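Trainee: Top line first, the protein sequences correspond to chains A and B.
Residue 610, in the numbering used here, is where the first sequence stops; the numbers in between run on with no holes.
Residue 422, in the numbering used here, is where the second sequence stops; the numbers in between run on with no holes.
Source of the hints: derived by calculation from the structure; they are not laboratory data.
Computed from a predicted structure; not experimentally measured.
Beta carbons: idealized from backbone N, C-alpha and C, even for Gly.
Check each hint, because a few of them may be wrong.
Stated by the list, open to error - Capping the alpha-carbon separation at 16 Å, the derived lysine to aspartate or glutamate pairs in EDC-like fashion look like this:
#: 1; chain 1: B; residue 1: Lys153; chain 2: B; residue 2: Asp270
#: 2; chain 1: A; residue 1: Lys301; chain 2: A; residue 2: Glu172
#: 3; chain 1: B; residue 1: Lys137; chain 2: A; residue 2: Asp260
#: 4; chain 1: B; residue 1: Lys137; chain 2: B; residue 2: Glu110
#: 5; chain 1: B; residue 1: Lys137; chain 2: B; residue 2: Asp122
#: 6; chain 1: A; residue 1: Lys301; chain 2: B; residue 2: Asp191
Said to hold, decoys possible - Rough simulated footprint, nothing fancy, chain A against chain B, three-plus residues with beta-carbon under 8 Å:
#: 7; region: 192 to 198
#: 8; region: 333 to 345
Claimed, not checked - Heads up, incomplete: computed chain A residues facing chain B, CB under 7 Å, no partners named:
#: 9; residue: Pro126
#: 10; residue: Arg137
#: 11; residue: Gly428
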Amino acid sequence: MSRVASAIAVAMTLGAGALASGATTPDDAVLAAQGERAAAIAKASAATVAIFDASGGGGGSGVLISSDGLALTNFHVTAPCGPAMKCGLNDGKLYDAVIVGIDPVGDVALIQLLGRDDFPTAEIGDSDAVRVGDWAFAAGNPFLLADDFTPTITYGMVSGLHRYQEPAGTLLEYTDCIQTDAAINPGNSGGPLFDAQGRLIGINGRGSFEKRGRVNVGVGYAISINQVMRFLGHLKSGRILDHASLGATVATQDDGRVVVDDILETSDAFRRGLQYGDAIIRFADRDVTSANGLKNALGVYPSGWRVPITWRREGETFTAAVRLSGVHDEAELIALVQQEHADPSDPGPGEPPRPRDDKSPDGEPAPKRPMPGFDSLGNKPKLPEAVAERYVARHGYANYWYNEQQQQRLWRGYLEQSAAEGAGYDWRLRGALETGGAFTLTIAENDADLALPTGRFKAAFSGDVSQQLSPPRSGGFLLAIHAWQRLLDKGLSRFGEVYYLGRLPHGADNRVEDCLAGLFEGMETRFFFADDSGALTGIELFSADDADPCEITFADFVEAGGRRLPRRWLVRQGDAVFAEFVISDWTLAAVAASTASESTAGEH
Amino acid sequence: MDRRLPLCRASLALAAAAALSGLTAARPLLAASLHDAIRDAQRKVVKIYGAGGLRGLEAYQTGLLISAEGHVLTVQSYVLDTDEVAVVLDDGRRFKAEILGVDPVRELAVLKLAVEDAALPFFDLPSSAVAQPGDRVLAVSNLFGIAAGDEPVSVLQGVVAAVAPLNAWRGAFQSAFHGDVYIVDAAANNPGAAGGALVNLHGELLGVLGKELRSQSTGAWLHYATPIDQILGAVEAMRSGRSLRTEPARDAAPAEPLALADVGVVLVPDVLPRTPPYIDAVLPKSRAQEAGLRPDDLIVFVDGEPTASCSAVTAAVGRREKFDAVRISVLREGRLIEETLDPPAAAAADAHAEHSVEGNPPLDGSADESAPPRPSPDVNE
C-alpha cells in the first residue's frame with residue numbers, strides 16, 4: 007500500500023547519499039522538503055477517520071471537516087452501517103458517529119462524530135486548482151490495517167482530472183473526479199485525498215482494476231472536493247439528495263459539436279429556449295467539447311441548482327440561467343437507495359469492483375443493516391445513546407433530526423432577528439415601481455388587491471388557491487406573499503409540510519443561501535434566509551412542476567416599528583422581471599387588530 | 042497569488058530531489074516544467090481503437106506520434122487486426138489509420154494517419170533519452186481507456202527499478218523480445234497502456250510501454266517499457282516502407298508458387314470470411330513436421346507478414362517460390378513460436394532455426410545464462 011511512498015523515500019535517500027558521497031548531512035532543501043511533507047501528513051492524519059460499522063466489522067475511511075465532528079465519507083461506506091457507526095482517529099480513540107445526510111448518486115455521505123467540540127479538521131483545498139502532475143497523498147484505513155486508527159498514507163501523483171466514470175450498477179456515478187496513482191485500496195473508500203500541502207482535494211472512492219483483482223493497480227478516483235462542498239449545505243439537511251439533470255440529452259457529433267438530441271418540454275432548459283438540435287458550447291462556466299464533458303460539468307451540481315448555459319443555433323449564440331431538475335424522482339431515488347443497501351451495486355461491465363470493504367477482517371461479509379429511514383421497527387439494532395439523541399428516522403431522509411435542527415435554526419433566526427412574529431395577514435403597502443408609477447398592495451387573509459399603473463389585479467385565497475396566479479406573468483406574486491404570511495402565521499408545524507432543503511442559489515445574483523421548502527395546496531414555496539442577518543431574502547413559488555416559479559428577491563432592509571422589513575422587492579418569472587417594487591409605506595395590522603400601525607421609514 | 046506559493050515549494054522539493062539523484066543535476070527542474078513536460082508528452086500520445094471488446098480483450102491501446110506527418114508507433118496486437126483502426130489525438134481529432142508495417146518480434150507496428158497539416162507534435166525517436174535504475178519516470182498512456190475524445194491521457198509516476206533483458210524472465214513471461222527493457226515500479230502496463238510512452242521528468246521519451254505480461258508461475262504482472270534504442274532500426278524500417286508486410290507485395294509473382302501442401306500443413310476448413318488459420322494437421326515426414334509445427338498451432342505471421350485468416354496464409358505462402366525457405370510464426374498455448382521451413386534440398390543438411398521463447402522457468406529463481414538452451418520443451422504437456 008505504501009509502496010509508492012516508500013519508493014519515493016528510498017529514492018530520495020539513495021539520491022542524497024549518492025551526491026553527498028562522504029558528507030553525512032543531506033542538503034537543506036531536501037530536509038526542508040521532507041519536513042514540509044511530514045508536517046502536511048501529520049496535519050492530514052489527525053483529521054482522517056477510520057469508519058467501522060456498529061459491530062466493528064466492515065468499514066472504510068472518512069475525513070473531518072468541522073470541529074463539531076462533521077466528517078465526509080462515501081455513501082457506499084455508510085450504507086451497510088445503518089444510522090450509527092464507530093469512528094477511530096489517530097489519537098487512538100473510538101467515537102460514536104451518526105449519519106447526517108447522503109448523496110447516493112455522488113457516493114458521498116456526511117456523518118457526525120460525537121463527544122467533542124474540538125475535533126481536528128482538514129483544510130479544504132480547491133480541486134479546480136489541481137493540475138495533472140501535482141503530488142498528492144491518500145490517507146485512510148486500507149484493508150483495515152490500523153489497530154490504533156493511525157491512517158495509512160499512500161503518496162502519488164494526480165494522473166488525470168475531470169474523469170467521468172459510468173454509473174456502477176444503478177446509482178453511483180463519478181463525474182469530474184480526480185484520478186491518482188496514489189494507492190487506493192479496499193478500506194480507503196471515503197477517505198481523503200490531499201494535495202502535497204495537506205489540503206483536502208477529494209474523497210477517494212473508486213478504482214479501475216479489471217482482471218487484476220481488488221487491489222490498487224495505479225488508478226484510483228476521488229470525488230472532487232469542490233463538488234462535495236457544493237453539496238455540503240444539502241448534506242446537512244439530513245435528506246437523501248439527488249443530482250442535477252438538464253432535462254435534455256446530448257450527443258457528440260462527428261464535427262465535435264455537442265448537440266441536443268432529446269429535450270423534455272417540461273424542463274427549465276426548454277422554457278429558457280434550448281431546443282432539439284442546438285449545440286451546447288458552455289455549461290456553468292466550462293467549455294463543453296464532448297458529451298462526457300457535459301456529463302462531467304452537470305454531475306457536480308445538486309438537483310435544483312441554477313447554472314448559466316450557452317448554446318448555438320444557426321450561428322447565433324444564446325445564454326440563459328437554467329434551473330436543473332433531479333435525475334431521479336423522489337420515490338425512484340428512495341427505491342434505488344433501498345436497493346443499493348440490500349444489494350450493493352454490481353459494477354457494470356468493464357468496470358471493476360469499487361474499493362469498498364464490505365467484508366469483515368475474517369473475510370465474512372459484514373452483516374447488512376437496514377438503511378436509515380426504511381428499517382422496520384422490529385429488528386432495529388439498539389443505538390448508542392449519543393446517536394439515539396441525534397437520530398430521527400423518517401421516510402425520504404437519512405436522518406430527519408438534522409433537518410429539524412436546521413428548520414428551527416432558520417425559523418428562530420428569522421423571528422428573532424427580524425421580529426417577524428405577529429405580522430398578521432392584513433398588510434397595506436404603498437410605493438413606486440422602479441420603472442415609474444405608483445402602486446398599492448392590500449392583502450388580507452383571504453384576498454389581495456394590487457393596483458399598478460397597468461391595472462388592478464386581485465387574488466382570492468380560498469378554494470383552489472393554485473389557480474390564483476395573478477397578476478399575469480408574475481408566476482403568482484400575490485399567492486407568494488400569501489404563502490409568506492401563512493408561514494408567519496402558522497409557523498413550521500402548521501404551514502403544511504415544511505423541510506430544510508439545504509443551500510441553493512436564488513435571486514437575480516444567484517446567491518447561495520439557506521432554503522426552507524414548504525408545501526401547501528400542492529404547491530412548493532421556497533423561503534431563503536440570509537446567512538448573517540437571518541432575514542428572509544427571497545421567495546420562490548412553484549405553482550406547477552412544469553411552470554416557471556414566481557421569484558421574489560428582497561433587499562434594502564430597514565427597521566420599522568421594531569421589525570426588520572425589506573423595502574425593495576424584485577419580482578421575476580422566467581427570464582423576465584415582472585416588477586421591482588420600492589416601498590415607501592407599509593402598514594401591518596397586527597393579528598390582535600391593534601390600531602397601532604407600523605410604517606417603514608420614509609425615503610432615505 | 043497564494044496559489045503560486047505551494048507550487049514554488051513543491052518545485053523546490055522536486056528540484057532538490059532531481060538534483061540529488063546526481064543524474065539530472067545539470068538541468069534544474071522546476072515544478073512548472075514538470076507540469077509542462079507532462080502536458081507536452083500527453084499531446085504526443087494517442088488513443089487507438091480497433092478490434093476486441095470482449096471481456097479481457099480491450100478494444101483499445103495507446104500509441105506515440107513519431108512524426109509531424111502522423112506516423113504512429115504502437116504495439117502489434119489484435120487491436121490492429123481490423124480495417125477500421127481509429128486514432129484519436131490529444132486534441133480530440135479522430136483519424137482512420139493505415140498500418141504501414143509490423144515487427145512481430147518486437148511486437149510493434151507503425152501506423153500512418155491521413156493528416157493534412159503535417160504539424161503534429163511528436164516524439165523524435167533518434168533524439169530520445171535513456172534512463173538508469175533509480176531514475177524517476179512517468180508512464181503516459183490511455184490505460185483502461187479512461188480518456189476519450191479530447192481528454193488528456195493518464196500519467197503515472199515511478200522509478201526505473203532495473204534495466205534487464207526480458208528473457209531474464211524467460212519462461213515466466215511470454216514475450217518474443219529478448220532485449221533489455223526498463224523494469225519500472227509504476228503500475229504502467231495496465232490494459233490499454235501498451236504503446237504508451239515512458240518519459241523522464243523532462244518529458245523526454247525513454248521507451249514504449251509493452252503489452253501486459255504476467256508470470257505464469259507467480260501470477261505477477263510485469264511493468265516494463267522497451268527502450269527506444271532497442272527498436273529504432275525496426276521502427277525506421279517499418280516507417281520507411283521497408284516493411285516486412287509490404288515487401289512480398291512488391292515482388293513479382295513467383296514462377297512456381299509454394300503451396301501449403303508442399304510444406305505439409307493442412308489448415309482447418311476455410312468456412313468463414315476470416316477463418317482463424319489454425320493448423321488442422323501436419324503431414325508426416327513433411328517440412329512442417331521437421332520444423333516442429335503441430336496441429337492447433339495458430340499461424341500469425343508468414344515471413345513477418347500478419348496472417349489473420351486461412352486465405353491470408355494461403356496467399357502469403359503462395360507468394361514464395363517452391364524452393365524458398367519460409368518463416369512461419371505460430372501461437373501455441375499463448376506463446377509466439379517462430380519456425381523456419383527450409384527448402385527441401387537444404388532441409389536435411391541444416392538444423393532448423395529455432396526462435397522459440399519457450400523454456401522451463403528457473404523455478405529456483407537463478408537464471409543460469411550459461412546453461413545450454415533447451416530445445417523447445419513444452420512444460421505443459
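Trainee: Are the hints correct? Go through all of them and say.
Mentor: Hint check results:
Taking the CA atoms of B:Lys153 and B:Asp270, the gap is about 21 Å. The hint is violated against a cut of 16 Å. Restraint check for A:Lys301 and A:Glu172: satisfied, since their Cα atoms lie roughly 10 Å apart, inside the 16 Å limit. Between B:Lys137 and A:Asp260 the CA atoms are separated by roughly 13 Å; this keeps the pair inside 16 Å, and the hint holds. Proximity of B:Lys137 to B:Glu110 is assessed by CA-CA distance (about 14 Å); at most 16 Å being required, the pair is judged to hold.
In summary, the hint linking B:Lys137 to B:Asp122 is supported, as the alpha carbons are separated by about 14 Å, within the 16 Å threshold. At most 16 Å may separate the alpha-carbon atoms for a hinted pair to count; A:Lys301 and B:Asp191 meet this at roughly 14 Å. Judged by the Cβ-Cβ criterion of 8 Å, the region 192 to 198 of chain B is covered by chain A as claimed, because 7 of its residues qualify and three suffice. For the region 333 to 345 of chain B, the proposed coverage by chain A is not satisfied: 0 residues have a C-beta within less than 8 Å of a C-beta in that chain, short of the threshold of three.
Because the smallest distance between the Cβ of A:Pro126 and any Cβ of chain B comes to about 21 Å, over 7 Å, the interface hint for this residue is violated. Interface hint at A:Arg137: satisfied, since its Cβ lies 6 Å from the closest Cβ of chain B, which is below the 7 Å cut-off. Violation of the interface hint for A:Gly428 is found here, the shortest Cβ-Cβ separation to chain B being roughly 49 Å, above the 7 Å cut-off.
Going down the numbered hints, you'll see the structure goes against 1, 8, 9 and 11, while the others check out.
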